[in-house]
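Visitor: Listed below are the residues making up each chain.
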Amino acid sequence: MSTSTLTKEDAAPVEEPVLRKPSARKRLVPYWLLLPGIIWLVVFFALPMIYQASTSVQTGSLEKGFEVTWHFQTYWDAFQEYWPQFIRSLLYAGTATLLCLLLGYPLAYLIAFKAGRWRNLLLVLVIAPFFTSFLIRTLAWKTILADDSVVVEALNALHFLDVTSWLGWTEGDRVLATPMAVVCGLTYNFLPFMILPLYTSLERIDGRLHEAAQDLYASPATTFRKVTFPLSMPGVVSGTLLTFIPASGDYVNAELLGSTDTKMVGNVIQSQFLRVLDYPTAAALSFILMAIVLGMVTVYIRRAGTEDLV
Amino acid sequence: MTDKTAHTGKNTGGGDVRLTGISKSYGSFTAVHPLDLTVPQGSFFALLGASGCGKTTTLRMIAGLEDPTTGTVFLGDKDVTDLPPYKRPVNTVFQSYALFPHMDISENIAFGLRRRGIKSVKKQVDDMLELVQLGDKARHKPHQLSGGQQQRVAVARALINHPQVLLLDEPLGALDLKLRRQMQLELKRIQTEVGITFVHVTHDQEEAMTMADQVAVMNGGRVEQLGAPADLYENPQTTFVANFLGTSNLIEAEVVETGADVIVTAGGGKLRVPGDRCTSAVRQGGKVLVGVRPEKISLTHADDAGSIADGRNRVTGRIADSSFIGVSTQYVVNSPAGAELQVYEQNIERDTRLVPGAEVVLHWNPAHTFGLDAAQDIDAGVETVEDAG
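Heads up: the protein sequence lines correspond to chains X and A, in order. Quick note on UniProt numbering: the first sequence kicks off at 1 and runs consecutively. Quick note on UniProt numbering: the second sequence kicks off at 1 and runs consecutively.
If you're looking for bench data, these hints aren't it; they were derived computationally from the structure. There are no misleading hints in this set.
Straight line, CA to CA, 20 angstroms or less: simulated EDC-like cross-link-like pairs of lysine to aspartate or glutamate:
#1 A:K141 to X:D206
#2 A:K87 to X:E211
#3 X:K114 to A:E66
#4 A:K87 to A:D67
#5 X:K226 to A:E107
#6 A:K270 to A:E340
As the structure is a prediction and not an experimental result, all values here were calculated from the model.
Work out the full structure: start from the sequences and follow the hints.
Guide: The following block contains the structure:
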């Protein structure tokens, strides 16, 4: 946004000097339009961030009050104590992202290329869950995954749970309060964030490219591998980011569907803030998570090479 | 044709494209009525018609991109009707080129070879880039190329596979007029050079006539007429062909006398039509549409009518409009025989009396007259404003 306004500014003096006065007013228009958004971000994003950053290097207690002492040791201590939760967060979020991609891609493909007049209806159905509260939807999964539920009984009958228990994803004949329950919840809650960007990028692909590929001796499978999938990469990248980033910081799913053994970083931060009242540790954990996710995303985008795609 | 077959040695066996009884319906709409068509190997064949006439559908059925409702597609002696597109030795140049945007030019061109498991493609790709004169663009992405360059990449991408048949779906439609003329010659040159059968779909009659050895004129899902361009132009069999290829003056007339020469009357005057140039059986008292091309007609001022040689067909009239277009002058003449007759006169010796309002005599050699079945729509195939361009 800022670069485009800058180039406009640079170009302005080249124009006839007579037009200068009105164009000076015009030049301010983008800034006026940006103002509400900037104020919003400063008040609700930048200031809290600065506040949290300062909190993370404070020491003290609730009774005596906290003071900035540039105590960076908190970061190291927090990481040392809670690294298993970090690993777990990234693992759960990564698994959920992968599941979302595997479930979402065929669906997005179907809606984009095969749905015909059902396309809009299907898109509405994809976002239909948003009409209910996030909390209620997650609570509903408690019922779905309850020990005596049809789903769990069916999985038991199929001996599916024997396999997942052996892998350590479930425990015995239970699903609730296991890693699998948390990953299921995450997958369910973030699936629309995967489908929508995938759909958008698939829908943009010119159908004639499929015909051209098949005309040039590519079987349907090769056409997908060489043409459709590479062209949908922008959707894959944005879909995985929109799923992975919020999922790695999520705590509701682990709280409602998991147990003490499935705590994610989000749960730790929440309890540090609201129960233990150790604000510096909670703030430090937040920043560590942010740094890890930012690092991973940067590497990922570099490797996926989206800027090279059309 | 035999010498051409000889120099296309890389093609195996007889390579004619044969369509037998092929048709395509979408629900109750019939896009292509059952048609039989043979495209001889090594020829440049054009399917010509207005949009919606079924020419592209026919092409797509050869490519395998459309399943025919009835009929069979043969490539040489092989029935390929049930083969999917990726198993047919046929390649297409698409109307919008359909280049892969995520691959560079050389990857685009190598695509077909790679799919057939050919590993060392560099030499062939370089040769092909050379053929289409894009050697320096190998590493560019399609969107960095101009329309004409993209078009040449599309041709190269298809040709590199040495298909038995190259299908071209209005490949020049998106180019401006000058570039289009240039590419027509270019494509013709490439076709002569590689000797592959080209099937070219177009709505531009001039394009079809410039490039093709054989033209099939399609209308309403049927082939109206098939033949060499000159033959189609000189001997149209239907009013559609007469009007769609160039311009024709069609005059409704009554048959007075039959024989080697058919004598008809139109607007009070007598005209002669060679009997063998009448497409339908003529009988005395019946109707016939008499046609003559505008450039075959001479224009003489009524005062000089006596100087016109005997034995020529003549029609009197009054000039309604004239437009000077350099090499020729185009006149519109109203006459009792027919309104708005077109006459193209070469600008050799211009008679200054030939201005709008002047009384004139139109005359031409009777051998240039043709007769068409009067039961047809006289205006079929006339280019109207909405399909112009």
